[in-house]
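Asks: Below, each chain spelled out in residue letters.
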Amino acid sequence: MLKILKYSFYDLMRSRWSYVYFLFYLALGFVLLFLNNDVSKAVITLMNVIIVLVPLIGTIFGVMYYYDSKEFTELLLAQPIKRSSIFLGQYLGVACSLTLSLVLGLGIPFLLYGLFRSDVIFDFSLLLVTGTFLTLIFTAIAFNIAISNENKIKGFGYAVLAWLFLAVVYDGLFLMSLIVFEEYPLDSFSLTATMLNPIDLSRTLILLKLDISALLGYTGAVFKEFFGTNSGLIISIVMLFLWTVLPTWRLVYKSKRKDF
Amino acid sequence: MIQVEGLHKKFSKNQVLSGLDLNIQKGGIFAILGPNGSGKTTLIKIILGMVIADKGTVSVFGKPIKNKWKYRQEIKYLPQIANFPSNLRVRELIRMIKDLRQQTSEEEQLIELFGLKPFLDKKLATLSGGTKQKVNIVLAFMFDSPLLILDEPTTGLDPAALIRLKELIQKEKQKGKTILVTSHIMQFVEEVADEIVYLLEGKIYFKGRISELMEKTSQTNFEHAIAAIATKTTKTTNA
Chain A
1338 MLKILKYSFY DLMRSRWSYV YFLFYLALGF VLLFLNNDVS KAVITLMNVI
1388 IVLVPLIGTI FGVMYYYDSK EFTELLLAQP IKRSSIFLGQ YLGVACSLTL
1438 SLVLGLGIPF LLYGLFRSDV IFDFSLLLVT GTFLTLIFTA IAFNIAISNE
1488 NKIKGFGYAV LAWLFLAVVY DGLFLMSLIV FEEYPLDSFS LTATMLNPID
1538 LSRTLILLKL DISALLGYTG AVFKEFFGTN SGLIISIVML FLWTVLPTWR
1588 LVYKSKRKDF
Chain B
10 MIQVEGLHKK FSKNQVLSGL DLNIQKGGIF AILGPNGSGK TTLIKIILGM
60 VIADKGTVSV FGKPIKNKWK YRQEIKYLPQ IANFPSNLRV RELIRMIKDL
110 RQQTSEEEQL IELFGLKPFL DKKLATLSGG TKQKVNIVLA FMFDSPLLIL
160 DEPTTGLDPA ALIRLKELIQ KEKQKGKTIL VTSHIMQFVE EVADEIVYLL
210 EGKIYFKGRI SELMEKTSQT NFEHAIAAIA TKTTKTTNA
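Line by line, the protein sequences are chains A and B. Residues 1338 to 1597 in our numbering are what the first sequence lists, from first letter to last. Residues 10 to 248 in our numbering are what the second sequence lists, from first letter to last.
Note that these hints are calculated values from the structure, not bench results. Small disclaimer: the values here were computed from a predicted structure and weren't measured. There may be inaccurate statements among the hints.
Quick list of the computed label-pair ranges, beta carbon to beta carbon [as the list claims (entries may be wrong)]:
| id | chain 1 | residue 1 | chain 2 | residue 2 | range |
| --- | --- | --- | --- | --- | --- |
| 1 | B | K132 | A | V1368 | 31 to 39 Å |
| 2 | B | D203 | A | Y1590 | 40 to 48 Å |
| 3 | B | F70 | A | D1596 | 22 to 30 Å |
| 4 | A | D1524 | B | L109 | 49 to 57 Å |
| 5 | A | L1360 | B | L109 | 30 to 38 Å |
We put the beta carbon where it would ideally sit given N, CA and C, even for glycine.
Please work from the sequences and hints to get the whole structure.
Replies: If you want it as structure tokens, here you go:
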């Protein structure tokens, strides 16, 4: 598997898009830090960008890479290599190169700015951890959709729809249900609904760490009580982990049964 | 070498193989023939584990291949359509396959034989169909394995390369290897094959020597004998 990972990773590192993605984060990091002059505000703005952009890029790169490397996959399938190694290797190759672009792109400006002297280092690392998880989750979802659809256009469409649903539509439905059922106690409902969407979960996790939950009113207090504690943090990380493992497991399962 | 029993495969509604049995002994060149869509490539891909059969068992080197992958170390495969990652150079591709298989290889000689030296630093996307097929042949023949599977090896080759390919196949045969080959060029089959396996409607219609087939169909020409099978069966299905 490591060999496939290596080849996929090098292949992506040679492509222009990895650099575009890296340079984008680099520019974003520099602009935010040196225009804002306030690290914790920069972290909030970054969070808003990361929460939406990282899943989108993960989805699109994942689908594109799968379809683009079809020939490579066919070549590998005739070699003495385990099927699961081929697909896991390619998946991790994409996810690792995207994560590397994200971590380096944001890490360099923050390091130059003097991150270690400021007290938001924990918030910043949480931002990078959730960014990494979101990359892993959405690349895995994209690979799942691509392996189940032979038709490129269909696969691409479904993948973008999946992103749109989790990033935008889910929140809309969530808010609407909060309004419709406002007469009922909704604490546990909203907690559960947040836990079930990796994007919402990451957002809540970062917001609550930034100590601006006072702005969120009563629900904020409930959330703070849950996510603010260590067990809440652990449960959230476990949820993100599950979100990563389940699509990856399905990818391996599907790949063992597919005809090429 | 290869035992296939009761093999069934369906692609959505299209039944490709229906209860195919086949036994290939060690040594010699076996040609798998049949009309378009008769399941030749599917059979080969099932033996390689790229396509998964609905029913039936396949054993290679005496062991069932289900969910196995190590046996592919002993197989060299030449795919029908040479699909390569287009952004790689020829040299990089050869190095990569060598790295993945970790076997001793003799690619230098083959590169020389097919005159591929000037193309080594070209990207695969820029190569012509025939040159791609030559790269394909180099990749398949550079390792030393007891079983060779060649799917339409003659596609796009010029006469000079075709002669070299035939010599290469004969050389491998003399080393006592088993070679499975599919082709639509009957002249090529007649020249190289020891035995033919004729697939029709998902089953083996005929397996044996070329002379036996000519006797069976009472034809004197191999190409006509093959054509005779096809017309005979269409007649029976029409009637």
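Asks: Confirm or reject the claim that B:K132 and A:V1368 have a C-beta distance inside 31 to 39 Å.
Replies: holds, 37 Å
Asks: For B:F70 and A:D1596, compare the CB-CB distance with the range 22 to 30 Å and indicate the outcome.
Replies: holds, 23 Å
Asks: Is the hinted range of 30 to 38 Å satisfied by the C-beta distance from A:L1360 to B:L109?
Replies: Given a distance of about 33 Å, which is inside 30 to 38 Å, the answer is holds.
Asks: So does A:D1524 sit 49 to 57 Å from B:L109, Cβ to Cβ?
Replies: holds, 54 Å
Asks: Determine whether the Cβ-Cβ distance between B:D203 and A:Y1590 falls within the hinted range of 40 to 48 Å.
Replies: Since B:D203 and A:Y1590 have Cβ atoms about 42 Å apart, the given range 40 to 48 Å holds.
Violated hints: none; the structure is consistent with every hint.
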